[in-house]
Each structure stands twice: as C-alpha cells, then as structure tokens.
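**Student:** The lines below spell out each chain.
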Amino acid sequence: MDIEKEIQEQIKSNPILLYMKGSPDAPQCGFSSRATQLLISCGKPFSFVDILSNSEIRTNLPKVSNWPTFPQLFIGGELVGGSDIMVEMHEKGELQEMIDSVEEES
Amino acid sequence: MTVCSKIEAVLKENLNPSHLEVINESFMHNVEPGAESHIRVVAVSEFFLDLNLVKRHQAIYKHIEEELAGPIHAITLHTFTPQEWEERNEESHPSPDCLGGSSEEQKE
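Taken in sequence, the protein lines are chains R and V. Take 17 as the starting number for the first sequence in this note's numbering and just add one per residue. Take 853 as the starting number for the second sequence in this note's numbering and just add one per residue.
Hints are computed from structural coordinates only; laboratory data are not their basis. Honestly, I wouldn't trust all of these hints.
[Unchecked claim] Here are the simulated DSS-like pairs of lysine-lysine, each with C-alpha atoms no more than 27 angstroms apart in a straight line:
#1 858(V) with 914(V)
#2 907(V) with 858(V)
#3 907(V) with 28(R)
#4 914(V) with 79(R)
[As the list claims (entries may be wrong)] DEER-style ranges, computed between Cβ atoms:
#5 898(V) with 110(R): 15 to 25 angstroms
#6 876(V) with 82(R): 21 to 31 angstroms
#7 118(R) with 858(V): 35 to 45 angstroms
#8 940(V) with 53(R): 14 to 24 angstroms
#9 886(V) with 119(R): 44 to 54 angstroms
#10 884(V) with 107(R): 30 to 40 angstroms
#11 24(R) with 938(V): 21 to 31 angstroms
#12 946(V) with 56(R): 17 to 27 angstroms
#13 853(V) with 113(R): 27 to 37 angstroms
#14 940(V) with 41(R): 26 to 36 angstroms
#15 107(R) with 879(V): 23 to 33 angstroms
[Said to hold, decoys possible] Sample of chain V residues with no beta-carbon within 12 angstroms of chain R, all distances over it, derived:
#16 867
#17 938
#18 942
Here the structure is a predicted model, which means the values were calculated and not measured. The beta-carbon is built from N, C-alpha and C at its ideal position, and this holds for glycine as well.
Using the sequences plus the hints, can you model the full thing?
**Tutor:** Encoded structure:
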C-alpha cells in the first residue's frame, strides 16, 4: 500500500492514536513521554506508532497531517495536536472530554 | 543571524505579537554547546483570536519550515490571544525534561 494511504488508514481505524518517539513504556523524548502520561491519565486504551522504528511514517506523516513535529495525537480521525496542545487541553479538562466522547471499539 | 533571532524576526513580521519570547533551551539537552536545537516560543497575538490551537501552531510552523528542516530538533509552542495571556497571569508551561534521547538521531 502507498505509505500516505497506509497512514490515513491508521488514522481512520484507530479512534485514539499517538504517533510518538519510542513506546508508552519507554518513550524516547520528553514531549512523547508527556503526551503518553496525559493519555494514560485519561484512562482509555489508545494505539501508538513508534516513528523511530518506522522511518517511512516519520518522513511522510508530516505531509499528511500538515504538522512537522512529534508526537502527534489523532482522535476520531482528526489531528488534535502535539504535546503542547495536549497539556493545554488537559488543563481545561478538554482532553478528557474528547477522549470520553470516543466510542469504544466494538 | 542565530536561529532564534531569525524565528523572532519572521514571527514579529507575520503575527504582530504583543508579546514574543523565542528561547534557546538547548542547554537542557544532550547537544553540542552553542547549539540551537531545542527552541521554545511563547507568542501572544490578536492573530490567534479565531484560530484553534492546531491552526495557531500550523500558522507558526509554516513560517519556520526551513529552520524545522534544518537545525531544530525540538520546538515547543505556546500561543495565546492577549486576553488568554492576561488570564493566565502571563505564564506558560515549562518544557519537559530531556530523556537523553539521542543527539545522533538529530540528523538523518
């Protein structure tokens, strides 16, 4: 599959998806670590892609999302933002709200 | 011209900010002395009024594409309207601690 299509497919089929450096257990960057902690605190399962071990995704996701940095959080197929935005939304309770509104995978 | 001063100039020109900080935080990270790899931007502008956070950040990113593709390894953006800035007592969040992650990974 074409890499951009594959990325779009990932975004579409995973209700909460974090593109990050490393994994939630072993994040390789402070920003990805912060993003993971916030997501875990929201209490719902989420999917992740480690872009350090997927260089094609790392190169092409910024074109698909029009967002040059990592991490990148997608909820319900939409770009929510990077860790700065997640922190700000978390503070206002908006991140929790958004995550709570995601329907459980059936 | 340093990376920070370039970013400062281009954002001043395009966003007409009432407050702007472009800070080199590279000293907090595992990089060469004098590097400008980790940058923090705090921008307060009327320009952000009707934009959500994603659009605000995209508006900044598009002006600094060259720097992002080049020397910058990490950038943190804090964008506020003048009113939001006043409401939070003119304070933004500190950047996260470095996790040591690979300065070699900086250039590919």
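**Student:** Hints first: check each against the structure and report whether it holds.
**Tutor:** These are the hints, each one checked on the structure:
1. 858(V) with 914(V): Holds, because 14 angstroms separates the two Cα atoms, which is no more than 27 angstroms.
2. 907(V) with 858(V): Given that 27 angstroms is the threshold and the Cα spacing comes to 22 angstroms, the pair holds.
3. 907(V) with 28(R): The hint holds at about 21 angstroms.
4. 914(V) with 79(R): holds (12 angstroms)
5. 898(V) with 110(R): 15 to 25 angstroms: The hint (15 to 25 angstroms, Cβ to Cβ) holds, given that residue 898(V) and residue 110(R) are roughly 23 angstroms apart.
6. 876(V) with 82(R): 21 to 31 angstroms: holds (26 angstroms)
7. 118(R) with 858(V): 35 to 45 angstroms: holds (40 angstroms)
8. 940(V) with 53(R): 14 to 24 angstroms: holds (21 angstroms)
9. 886(V) with 119(R): 44 to 54 angstroms: Hint holds: Cβ distance 50 angstroms, inside 44 to 54 angstroms.
10. 884(V) with 107(R): 30 to 40 angstroms: Because 34 angstroms falls inside the window, the suggested range holds.
11. 24(R) with 938(V): 21 to 31 angstroms: violated (40 angstroms)
12. 946(V) with 56(R): 17 to 27 angstroms: Holds, since residue 946(V) and residue 56(R) (Cβ atoms, about 21 angstroms apart) stay within the stated range.
13. 853(V) with 113(R): 27 to 37 angstroms: violated (43 angstroms)
14. 940(V) with 41(R): 26 to 36 angstroms: At roughly 33 angstroms between Cβ atoms, residue 41(R) and residue 940(V) fall inside 26 to 36 angstroms, so the hint holds.
15. 107(R) with 879(V): 23 to 33 angstroms: holds (27 angstroms)
16. 867: holds (16 angstroms)
17. 938: holds (16 angstroms)
18. 942: Since the minimum Cβ distance to chain R is about 15 angstroms, residue 942(V) lies beyond 12 angstroms and the statement holds.
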